[in-house]
Structure formats: structure tokens, C-alpha cells
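Visitor: Keeping their order, the protein sequence lines are chains W and S. Here this note's numbering is used: the first sequence runs in plain steps of one and ends on residue 443. Here this note's numbering is used: the second sequence runs in plain steps of one and ends on residue 1098.
Rather than coming from a laboratory, the hints here were simulated on the basis of the structure. Keep in mind that a hint or two might mislead.
[As the list claims (entries may be wrong)] No farther apart than 30 Å at their CA atoms in a straight line, the calculated lysine-lysine pairs in the BS3-like style are these:
(1) K1025(S) / K47(W)
(2) K1098(S) / K432(W)
(3) K1048(S) / K1095(S)
(4) K119(W) / K1027(S)
(5) K1095(S) / K1027(S)
(6) K1048(S) / K47(W)
(7) K1095(S) / K124(W)
(8) K119(W) / K247(W)
(9) K1025(S) / K39(W)
(10) K394(W) / K47(W)
(11) K1025(S) / K42(W)
(12) K164(W) / K42(W)
(13) K1025(S) / K44(W)
(14) K302(W) / K1098(S)
(15) K1095(S) / K119(W)
(16) K39(W) / K394(W)
(17) K1025(S) / K124(W)
(18) K1098(S) / K39(W)
(19) K1098(S) / K119(W)
(20) K83(W) / K1095(S)
(21) K247(W) / K1025(S)
(22) K394(W) / K247(W)
(23) K1048(S) / K44(W)
(24) K164(W) / K247(W)
(25) K164(W) / K1090(S)
(26) K124(W) / K1048(S)
(27) K47(W) / K1098(S)
(28) K164(W) / K351(W)
(29) K350(W) / K210(W)
(30) K1025(S) / K119(W)
(31) K285(W) / K47(W)
(32) K1095(S) / K44(W)
(33) K119(W) / K243(W)
(34) K1025(S) / K432(W)
(35) K1095(S) / K39(W)
(36) K47(W) / K351(W)
[As the list claims (entries may be wrong)] Computed beta-carbon distance windows for the label pairs:
(37) W38(W) / K1048(S): 30 to 40 Å
(38) I1072(S) / T334(W): 48 to 58 Å
(39) M1096(S) / I272(W): 43 to 53 Å
(40) K1048(S) / Q123(W): 33 to 43 Å
Using N, Cα and C, we set each Cβ at its ideal position, and we do this for glycine too.
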Amino acid sequence: MEDMLFYDRLQFAFTITFHYIFPQLTMGLSLMIVYFKWKFLKTKVDKYNDAAKFFMKIFAVNFTMGVVTGIPMEFQFGTNWAKFSELTGGIIGQTLAMEGMFSFFLESSFLALFIFGEKLMGQKLHFLTGFFVFLGSWASGWFILSTNAWMQHPVGHEILDNGKFVLENFSALFTNPWLLPAFLHNQLASVVTSSFVVASIGAFYVLRNKQTEYGKLFLKTGVVFGFISSILVAFPTGDWNAKNVAKHQPATFAAMEGIFHTEEAGSEIVLIGQPNMVEKKLDNKIAVPNILSFLTYQEWHKQIPGIDQFEEENLPDNIPALYYSYHIMVGLGTIFIGVMALALFFLWRKKLHTIKPLLWTIMFLVPFPYIANLTGWYTAELGRQPYLVYGLLKTSEGISPTVSSGNTLFTLLGFVALYMLLGLLFLVLVGKTINEGPTPQTH
Amino acid sequence: MTETLLSLISIFTGIIAANLFGYLKEKYTFGFTGNTLIGVFGSALFIKTFGRLGFSPWSIANKGNFDGLLLIINLLVSALGGILLLIFIKNIFNKMNK
Chain W
1 MEDMLFYDRL QFAFTITFHY IFPQLTMGLS LMIVYFKWKF LKTKVDKYND
51 AAKFFMKIFA VNFTMGVVTG IPMEFQFGTN WAKFSELTGG IIGQTLAMEG
101 MFSFFLESSF LALFIFGEKL MGQKLHFLTG FFVFLGSWAS GWFILSTNAW
151 MQHPVGHEIL DNGKFVLENF SALFTNPWLL PAFLHNQLAS VVTSSFVVAS
201 IGAFYVLRNK QTEYGKLFLK TGVVFGFISS ILVAFPTGDW NAKNVAKHQP
251 ATFAAMEGIF HTEEAGSEIV LIGQPNMVEK KLDNKIAVPN ILSFLTYQEW
301 HKQIPGIDQF EEENLPDNIP ALYYSYHIMV GLGTIFIGVM ALALFFLWRK
351 KLHTIKPLLW TIMFLVPFPY IANLTGWYTA ELGRQPYLVY GLLKTSEGIS
401 PTVSSGNTLF TLLGFVALYM LLGLLFLVLV GKTINEGPTP QTH
Chain S
1001 MTETLLSLIS IFTGIIAANL FGYLKEKYTF GFTGNTLIGV FGSALFIKTF
1051 GRLGFSPWSI ANKGNFDGLL LIINLLVSAL GGILLLIFIK NIFNKMNK
């Protein structure tokens, strides 16, 4: 049973990690495409339209990869997590179906119209199709997060005698106090990723001295979007999320912040340290006293319950992984604010495109927003353990009892091989598109 | 469990078929990127729609009793999906851009 649970979780972690590489870019990029198209309508400068069409090509490749890697996820609910699907299908089936019916079709239909229909529709309608692609991709985030928000903080349901969850209040799924902060935080984090992607392509063109005009435009847009979203992802949305965790999942909060022992007169914030699970303490710790209490409750001496206050069985089962995921996310977020602030300063001084070390830094920082987004999700998912539905359904109760661990391991290896091929295909397609660059408008 | 892998293999078949067809019949090609994207959607669309006739990944795996014949039908339909969607979209594209 232990083995089955481990391999089911490992397979889901692998497939969802690979999958989330793609939607995190499409959600943020769709907003920037709408911006480029709007700017073109306003100024009639062709390079904005070229930029919108260029990034829609990258969007299309990402969207398609997202679809391919999303299909196995759908199967996994039935194959690996049949018990979870059986018990909670009445709730999560609603939001997941809405994601497919509304968001996916909205996004894919208007994506095709955006790519093929510019001449036929004219510029205003073309802008509108771009806007609907944006709407579809953000609605997709909304429905997926409303599913996850219910798992994190279950509301609006009733549990029948046979253990099945049924929906009692449909609107409660969308007014869940967990949902809005999680949605805003997630969407802004995806804007951070897309900003770095846009800015790094710009830096690449400027450094290569090819497509320089577009390079400067991408740099400028990426840096402005990146600076604003990096700040907003930390405050207020990140702060709001952390307060939600402290309120609704206090054991998770203690574990992710590394508070092993409750401090009477306020909690310190840990900057660096390694969880020592044998001695129940943080090794080599660097911490600032009372800051965590102030940030969470705006009171310097407010007591925050530590790990020692909770039953072992209610604590997340991998505290070091949770702690590191959270701290990597926060650390990277801080670096993004610093780099984007510096880039914005030089942009204001009109020198950004001449400072090569900064351009190289922006270009090579591209993988890190992806890592920050993924570790953010690891924080949410590891923090919810040992539950699938927080406080109500344990993860061990949700797996399929008839699927062997050998079967799961075999298919996991198959996924690794196929996803490597997919990853290569993705890099070739995106690399080819970037190498060709935007196509200037011909009149 | 194997069903999930089969669904990915179907999609790869659609990608290969669309690219191969685009290479052989140049008037239908959208280039490597376009053919690949269309291949994905064509195979997924056909398998989702027609798989219910008995060759969906669930039927092929059949609770551990693998059926090779159904797999071949599945792959052929995936390939057909990639090719037909390519032809369909090229025709629409040509009409829209006349």
C-alpha cells in the first residue's frame, strides 16, 4: 500500500510538473499579446502587431504542448486516483468539466481565428479574438484553481453515509475564501514567467544584433510587465495567500516557515536554515526575530503555533521538501524583483540595451520563474498533505486499490521517455520560431 | 494505467502523419510547426470522437488484457485525424486568405 501510494504520487508529481511548464507561459503571455495588439490599435505602429502575431505563434506551441500533457492527467484521475474520483467526482467534476467546456473551447477556437483570420476580420475583431484567447486561458486558471481551492479548503459540500462528497452549494465553490488570493497569486506568477520570456527573447535579439528593433521593444515590455508583476506576486497576493495558510492550515504554515517550537513572544522569520528532522530544529539558521508574527498578524509578539503543537498524523509528511519549496519560491521571487528593478532603472536611463552583463543575466534567468512557479505549487500540494481534501480525505484513501506499484512504475518510465521526446520537439519548435523572429507587416 | 501512455502514442502518430503528409503533398503543408500542432489536435479529436466505437485506450488496455489489433486501428485513426485536419484547415485557410 505504501509503495502504491508513493508511485502514484511520484507519477502525478512528474506529469503535473511537466504539464505546468506550458500553461504558466500561455496565461501570462496571452495578457501581453492583448497589450501588444491594443498598442497597435492605438498607435498604428506595425511592430506592435508583428509582436502580437510573433508571440501568438509561441503561445500556440505552448498551448498545444499543454493539451498533449494535459490528456494523461485526465486519465490519471481514473487510473491512479479512482477512489478519489469516485468520492469527490460530484464536486471536482463540476469545475473540471467547466474548464474543458468553457475555457478550452474558448481558447482554442479564438486562437485559430487569431492566427488565420486577421485579413478576414479586420484589426478590431482581430484584437477581440486575442482578448477571448486571454479570457479563455485565465478562465481555465480560475476553474482549475477553484478545484484546488476546494481541496485545500473544502466548502459547500455534504458527505453522504457512503463517504461520497456531494455539492450542496454550487456558488460556494467560487466564493471560497481560498480561491481569489490563490488565483491572483498564480496568474501574476504566470505573468512573471511570460515577462521573463519576452524580455529574454528581446535580450537575445539585442545581444545577437539581429531584429534589434523588436529586441528593444520586447525588452522594454518584458521589463515593465516583469517589474509590476514581481512586486504584485509578493505583495499583496503572496502575503494574502500566506495569511490564508496561517488561518486555515496552521500546521502547514508552521512546517513551511520551519517553526519547530512555539515561541512565546512572537515568531522569527527564517532566511536560511536546514530542517533537521531528527532533532526537530533548523540547522545553521539565520533568522530575524518577531518579523513573522508582524507580517502575519501585524503584532510583534503574537504567538504562532509551531510544529510541536500538532499531532504527528496531521503534519505534512515531507517537511524538508515543503520548507525548501517555499523558501526557493520566496528567494527567487526576491531576486526577480531586484533584477527587474535594476533593469527598469537602466530602461528609464535609456541604457538598458547597452549593458551587456544585465542582458545576459535577463536571458539566462528564464528557467528560474518556471522553477519559482513550480516550487510554489509544490508548497501548496506538499502543504496539504497528508490530505487530498484538507482535513476530510487522506491521500492514502484516494488511490486506486487495484493498480499495482509495478504497473505505475512501468508507465512512469514510459512517460519519462515520451515527455523527453515532447520536450525536445517543443524546444525545436520554439527555437525555430525565435530564430526566425517576428515577420514585418507587408502592405 | 497503460491507457495514459497509449493516448500519448496516438498523439505522436498524429504528429508524424501530419508532417509526413505535409512533406509529400506540399500544397497542404503549414511547415513543421504548423503540421505538428495540427497533428496533435487532429489525432486527439479523432480518438476522442471515434474511440467510443471500440478502440479507445481504455478498450485496448482492457483491464490488463492488451489488444494489439485495436491498437493498430487506434493508430491508423490517429494518423487519419492528423491528415484530415491538415487538409481541412488548409482549405479553410485558403478560403479565408483569398
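Visitor: Does each hint fit the structure? Answer for all of them.
Guide: Now for the hints, and whether the structure bears them out:
no., hint, verdict
1, K1025(S) / K47(W), "34 Å, violated"
2, K1098(S) / K432(W), "27 Å, holds"
3, K1048(S) / K1095(S), "28 Å, holds"
4, K119(W) / K1027(S), "21 Å, holds"
5, K1095(S) / K1027(S), "14 Å, holds"
6, K1048(S) / K47(W), "40 Å, violated"
7, K1095(S) / K124(W), "21 Å, holds"
8, K119(W) / K247(W), "53 Å, violated"
9, K1025(S) / K39(W), "39 Å, violated"
10, K394(W) / K47(W), "53 Å, violated"
11, K1025(S) / K42(W), "41 Å, violated"
12, K164(W) / K42(W), "54 Å, violated"
13, K1025(S) / K44(W), "38 Å, violated"
14, K302(W) / K1098(S), "70 Å, violated"
15, K1095(S) / K119(W), "11 Å, holds"
16, K39(W) / K394(W), "50 Å, violated"
17, K1025(S) / K124(W), "35 Å, violated"
18, K1098(S) / K39(W), "28 Å, holds"
19, K1098(S) / K119(W), "9 Å, holds"
20, K83(W) / K1095(S), "49 Å, violated"
21, K247(W) / K1025(S), "62 Å, violated"
22, K394(W) / K247(W), "20 Å, holds"
23, K1048(S) / K44(W), "43 Å, violated"
24, K164(W) / K247(W), "27 Å, holds"
25, K164(W) / K1090(S), "48 Å, violated"
26, K124(W) / K1048(S), "35 Å, violated"
27, K47(W) / K1098(S), "24 Å, holds"
28, K164(W) / K351(W), "61 Å, violated"
29, K350(W) / K210(W), "19 Å, holds"
30, K1025(S) / K119(W), "26 Å, holds"
31, K285(W) / K47(W), "51 Å, violated"
32, K1095(S) / K44(W), "27 Å, holds"
33, K119(W) / K243(W), "49 Å, violated"
34, K1025(S) / K432(W), "22 Å, holds"
35, K1095(S) / K39(W), "29 Å, holds"
36, K47(W) / K351(W), "21 Å, holds"
37, W38(W) / K1048(S): 30 to 40 Å, "35 Å, holds"
38, I1072(S) / T334(W): 48 to 58 Å, "55 Å, holds"
39, M1096(S) / I272(W): 43 to 53 Å, "58 Å, violated"
40, K1048(S) / Q123(W): 33 to 43 Å, "35 Å, holds"
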